[in-house]
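Chemist: Going down the list, the protein sequences come from chains A and B.
Heads up: the first sequence runs through residues 53 to 593, numbered per the working numbering.
Heads up: the second sequence runs through residues 53 to 593, numbered per the working numbering.
No lab work stands behind these hints, which were simulated from the structure alone.
Mixed in with the good hints there might be a few duds.
One copy or any two copies: either way a pair holds, since identical chains are not told apart in the list.
Stated by the list, open to error - Only pairs whose alpha carbons sit at most 20 Å apart, straight line, appear in this in silico SDA-like list of lysine to any residue:
| id | residue 1 | residue 2 |
| --- | --- | --- |
| 1 | Lys190 | Arg583 |
| 2 | Lys190 | Leu179 |
| 3 | Lys400 | Ile417 |
| 4 | Lys445 | Ile417 |
| 5 | Lys138 | Arg113 |
| 6 | Lys190 | Arg584 |
| 7 | Lys190 | Leu102 |
| 8 | Lys190 | Leu160 |
| 9 | Lys190 | Asp159 |
| 10 | Lys502 | Ile523 |
Protein chains: 2
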Amino acid sequence: MRLALAQIDPTVGAIDDNLSLILSYIERARRSKCDLVVFPELAVCGYSPLDLFWQSGFVDRMQEAQEEIRKASDGIGVIVGGITSKRHHDGGNTSDPSSVSDGAGTDLFNCALFFADGSLVASIPKLNLPTFDVYSEKRYFTPGPGAQVFTFRGKSIGINVCEDLWADDGPTDAQASLGAEWIINISASPFFIGKGEIRHALASRRARENGISLFYANLVGGQDGVIFDGGSFVTSPSGDLLYQAPYFVEGLFIMDTDRAEAIEPKQQDAIAAARGAIVLGIRDYLRKNGFSQVIIGISGGIDSALVAALAVEALGSDAVSGVFLPSAISSEESRDDAHQLAKNLAIKLVDVPIADLVAASQAAIEGGVSGLAAENLQARIRGMLLMALANQKNALILTTGNKSEVAVGYNTLYGDTVGALAPIADLYKTQVWEMARGMDSIIPQRIIDKPPTAELRPDQKDEDDLPPYEILDAILKELIEENASRDDLIAHGFPKLTVADVLSRYYRSEYKRGQLPPVIKVSPKAFGIGRRVPITHRYRS
Amino acid sequence: MRLALAQIDPTVGAIDDNLSLILSYIERARRSKCDLVVFPELAVCGYSPLDLFWQSGFVDRMQEAQEEIRKASDGIGVIVGGITSKRHHDGGNTSDPSSVSDGAGTDLFNCALFFADGSLVASIPKLNLPTFDVYSEKRYFTPGPGAQVFTFRGKSIGINVCEDLWADDGPTDAQASLGAEWIINISASPFFIGKGEIRHALASRRARENGISLFYANLVGGQDGVIFDGGSFVTSPSGDLLYQAPYFVEGLFIMDTDRAEAIEPKQQDAIAAARGAIVLGIRDYLRKNGFSQVIIGISGGIDSALVAALAVEALGSDAVSGVFLPSAISSEESRDDAHQLAKNLAIKLVDVPIADLVAASQAAIEGGVSGLAAENLQARIRGMLLMALANQKNALILTTGNKSEVAVGYNTLYGDTVGALAPIADLYKTQVWEMARGMDSIIPQRIIDKPPTAELRPDQKDEDDLPPYEILDAILKELIEENASRDDLIAHGFPKLTVADVLSRYYRSEYKRGQLPPVIKVSPKAFGIGRRVPITHRYRS
Numbered sequence: 053m054r055l056a057l058a059q060i061d062p063t064v065g066a067i068d069d070n071l072s073l074i075l076s077y078i079e080r081a082r083r084s085k086c087d088l089v090v091f092p093e094l095a096v097c098g099y100s101p102l103d104l105f106w107q108s109g110f111v112d113r114m115q116e117a118q119e120e121i122r123k124a125s126d127g128i129g130v131i132v133g134g135i136t137s138k139r140h141h142d143g144g145n146t147s148d149p150s151s152v153s154d155g156a157g158t159d160l161f162n163c164a165l166f167f168a169d170g171s172l173v174a175s176i177p178k179l180n181l182p183t184f185d186v187y188s189e190k191r192y193f194t195p196g197p198g199a200q201v202f203t204f205r206g207k208s209i210g211i212n213v214c215e216d217l218w219a220d221d222g223p224t225d226a227q228a229s230l231g232a233e234w235i236i237n238i239s240a241s242p243f244f245i246g247k248g249e250i251r252h253a254l255a256s257r258r259a260r261e262n263g264i265s266l267f268y269a270n271l272v273g274g275q276d277g278v279i280f281d282g283g284s285f286v287t288s289p290s291g292d293l294l295y296q297a298p299y300f301v302e303g304l305f306i307m308d309t310d311r312a313e314a315i316e317p318k319q320q321d322a323i324a325a326a327r328g329a330i331v332l333g334i335r336d337y338l339r340k341n342g343f344s345q346v347i348i349g350i351s352g353g354i355d356s357a358l359v360a361a362l363a364v365e366a367l368g369s370d371a372v373s374g375v376f377l378p379s380a381i382s383s384e385e386s387r388d389d390a391h392q393l394a395k396n397l398a399i400k401l402v403d404v405p406i407a408d409l410v411a412a413s414q415a416a417i418e419g420g421v422s423g424l425a426a427e428n429l430q431a432r433i434r435g436m437l438l439m440a441l442a443n444q445k446n447a448l449i450l451t452t453g454n455k456s457e458v459a460v461g462y463n464t465l466y467g468d469t470v471g472a473l474a475p476i477a478d479l480y481k482t483q484v485w486e487m488a489r490g491m492d493s494i495i496p497q498r499i500i501d502k503p504p505t506a507e508l509r510p511d512q513k514d515e516d517d518l519p520p521y522e523i524l525d526a527i528l529k530e531l532i533e534e535n536a537s538r539d540d541l542i543a544h545g546f547p548k549l550t551v552a553d554v555l556s557r558y559y560r561s562e563y564k565r566g567q568l569p570p571v572i573k574v575s576p577k578a579f580g581i582g583r584r585v586p587i588t589h590r591y592r593s
Numbered sequence: 053m054r055l056a057l058a059q060i061d062p063t064v065g066a067i068d069d070n071l072s073l074i075l076s077y078i079e080r081a082r083r084s085k086c087d088l089v090v091f092p093e094l095a096v097c098g099y100s101p102l103d104l105f106w107q108s109g110f111v112d113r114m115q116e117a118q119e120e121i122r123k124a125s126d127g128i129g130v131i132v133g134g135i136t137s138k139r140h141h142d143g144g145n146t147s148d149p150s151s152v153s154d155g156a157g158t159d160l161f162n163c164a165l166f167f168a169d170g171s172l173v174a175s176i177p178k179l180n181l182p183t184f185d186v187y188s189e190k191r192y193f194t195p196g197p198g199a200q201v202f203t204f205r206g207k208s209i210g211i212n213v214c215e216d217l218w219a220d221d222g223p224t225d226a227q228a229s230l231g232a233e234w235i236i237n238i239s240a241s242p243f244f245i246g247k248g249e250i251r252h253a254l255a256s257r258r259a260r261e262n263g264i265s266l267f268y269a270n271l272v273g274g275q276d277g278v279i280f281d282g283g284s285f286v287t288s289p290s291g292d293l294l295y296q297a298p299y300f301v302e303g304l305f306i307m308d309t310d311r312a313e314a315i316e317p318k319q320q321d322a323i324a325a326a327r328g329a330i331v332l333g334i335r336d337y338l339r340k341n342g343f344s345q346v347i348i349g350i351s352g353g354i355d356s357a358l359v360a361a362l363a364v365e366a367l368g369s370d371a372v373s374g375v376f377l378p379s380a381i382s383s384e385e386s387r388d389d390a391h392q393l394a395k396n397l398a399i400k401l402v403d404v405p406i407a408d409l410v411a412a413s414q415a416a417i418e419g420g421v422s423g424l425a426a427e428n429l430q431a432r433i434r435g436m437l438l439m440a441l442a443n444q445k446n447a448l449i450l451t452t453g454n455k456s457e458v459a460v461g462y463n464t465l466y467g468d469t470v471g472a473l474a475p476i477a478d479l480y481k482t483q484v485w486e487m488a489r490g491m492d493s494i495i496p497q498r499i500i501d502k503p504p505t506a507e508l509r510p511d512q513k514d515e516d517d518l519p520p521y522e523i524l525d526a527i528l529k530e531l532i533e534e535n536a537s538r539d540d541l542i543a544h545g546f547p548k549l550t551v552a553d554v555l556s557r558y559y560r561s562e563y564k565r566g567q568l569p570p571v572i573k574v575s576p577k578a579f580g581i582g583r584r585v586p587i588t589h590r591y592r593s
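So here's chain A without its partners, still in its complex pose:
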């Protein structure tokens, strides 16, 4: 059989555009003489519309689009992620208006829709609804009933949706035991470093345990901070990889299932993969929100250098402008490095000195401000000027903060946090260096080598205020990604006072993280939608 994995990049809520995209892929598959074309989870609406599912008319419009897909399935099989709905009458908590407006009264099912030859063969609802990390599926969906198996072009096929592959004793096993030779899983699986290998290991195990061929069609594209990385693949009943689509790229990937031979899986480089995710994330954020220009505050330090280099990779030099905003404290070295970087990247860089404005702001306030208030003042003047330039040019600001500084609040709210998207706020500082070292043909070596500084007071160095980044990042990783307690961290050998200092900074900076732009996720636990922590709390582990 000729089978096409349609690894597409729909836009959330753009149902008409997504329909056009899907129809064009069906047509391409038909022209390529494919028997079956498989689209990812929720391809019709993008992943995820979240509360837009509850807007009057949203699901109706999806269903109209799905009807068009049915009609287009003449002479071909089409599996596509969509929605089915059912009114229910159990009342629920219909006395509470906030529940009524949240879609009570209608059950929604996150489905794989299987069309063939102009008919709906079946809609297969998702059974396992993830509600951890970035997922909120139990907020919207009702779990589907048990497994089914279909015969298509002589093959016995089980179809399931994303998390249904991950659940032990779940739909995949059940469909195999009902006689499925093939399992087709449609996914919207977000990227983090190492995710591709985890998927392959899972797929290989499921295939071997059940003696089935596994077809995995994943979404691609950036959605706020969440990046779907594609990398759709096919696994043989012996657990070998038979086909591998590229990561971070939209495309129709066709294989002849009768002629497939085992291929060697390529190990993804962790930092290269993160770079691919960030580049796609920047590009899709701009494109899907209708912007074409970004502005970046270039300080001469490594964070802004990396963000600028990634932005140029995503958008091209013409789409990126830098602004160097020196204060009285900024060094000549910073200016030289900023301009050398801009030259390497072939981007415009303007100098907007802030010393006079700092003085004027201090003069405006009776008695002036000192200490941290004065340090923050400089960062906020920079934020204010960047926003003025961005507004004037209809550009978006990319925020340059990294995960280490965001975690300990070593940043200025409304200062360096200003922006529409935070591309590297899920990279620890040690990862920022690693990624920058891989781009040292464009990022000046001196920027990579110099000790980091916020340049908000004379001779300031990050490590005067913070633990060395190797130690800080190791603590933060256990704290954020593994939920380590104070005792866990001390038991793992970190110095008690350092742990206490880091925890204190981490807990008291939650309010700043609450006002960040979307953070591009490259780790199992990024700041933003996948991490829900109250601002007001007094837990101290």
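Got chain A; can you put chain B on it based on the hints?
Modeler: Here is chain B on its own, set in the frame of chain A:
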């Protein structure tokens, strides 16, 4: 029986402090010769720790605290909201690190713990786990099994948790059919206007249908933007109100169940109730986050006047400072009104003129900026100066935006959105006027009467840019709270062009709402945690 409703205001995560509070209330109940004392849902940890539940050691510390409560139940019955946990071994998606860190491998149950005479009588897990609006309970909890009934001091008692009362054919009905004479429901039920009446109607119906007495113990207190309003009550088997605790106040409320007589429910005034919620929300946000001072940018307009008046009501005059930040455009009338307000409220007000800084900022940017960029610049200079003053005084800024302007993006990100808490951002402009009119002994009449203006360009009036607020607010209410579509709005008689304009403004300002501080919720659908909408989307209803 003497029964005490312990309507307490715990702090999220402050497990030791909450334990002390609970033990002191048990002791007070014992001294008052109560047989039974009932605390709200999740009283041990506060509602809700969200992802803190997954921090290593969090649940253990709750369980240690719960053990102390058991020991303190000597000679008295205690019902209190807490947690039980159970390791499970089904594997789940243990191959995905982001699921592992999110508590996979352990089931948590949101329980009513029933202690008596030093023993745990039972832990009753919640069955209905709300995952709409501000709730995310399916992210954390496993639903409990069926209903049980206990005999205590000769009474047959069914106990359940919050949403379990709201579900038709739910635990309340099941417990009644098992012979319960009393149903005790422990809740953490957030306020919105009219919620008290909705609860009473529900309780009355449940009581009558099942012939049971209903004891409803609700949490009180502010948690970021969510306000638990207390108002615990008791309903007779004929559906009459027997006891009503006050709203927005912590306390131990004792009744003799053998002597209770029907009382007339008091209708809450909608705006007065919202005012109570906002005042409690401001007070608790400051207290629980360890701050005692607020700063407010006072413009001479009604929004900042109302926020200042509410802040004084919450914190007292000494805790509130105003800053008047006139530009070249600001009128003398604005200055007079700002100062008259400050005088009425007995708060300090300093003038910090911004005209020179606006000019200096324009001069810093080659060619300067114009139009919207120039308007925003003024608002951002104000935000920057307010933050400098707030940092210097260790004060928090209260954001003065209302729901109408936040909904259509008629505000400046990092300008007037700056702040730690947005007290009136769930009040439509028409509600702002209504609340202000009720405070006209302190808010100058001229502030209430004058047409609203952002004063960012000469002779600007809100209604030059926006539809009249009566129409705008009516559209927004249907859109936000009822998920109305464009067609719905037009069918309800709103002008087509006005609807198009409002929808366009609403959709394109989502990025600003993504960076707001917590919004105090007074409606069924407030901006913030209870409304989850992607920034990147192209849905246009």
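Chemist: Each hint: holds or not?
Modeler: Results for each hint:
no.: 1; hint: Lys190 to Arg583; in the structure: both (17 Å within a copy, 15 Å between copies)
no.: 2; hint: Lys190 to Leu179; in the structure: both (11 Å within a copy, 15 Å between copies)
no.: 3; hint: Lys400 to Ile417; in the structure: between (35 Å within a copy, 15 Å between copies)
no.: 4; hint: Lys445 to Ile417; in the structure: between (31 Å within a copy, 13 Å between copies)
no.: 5; hint: Lys138 to Arg113; in the structure: within (15 Å within a copy, 43 Å between copies)
no.: 6; hint: Lys190 to Arg584; in the structure: both (16 Å within a copy, 13 Å between copies)
no.: 7; hint: Lys190 to Leu102; in the structure: both (11 Å within a copy, 16 Å between copies)
no.: 8; hint: Lys190 to Leu160; in the structure: both (10 Å within a copy, 16 Å between copies)
no.: 9; hint: Lys190 to Asp159; in the structure: both (11 Å within a copy, 16 Å between copies)
no.: 10; hint: Lys502 to Ile523; in the structure: within (18 Å within a copy, 58 Å between copies)
Hint compliance for this structure: no hint is broken.
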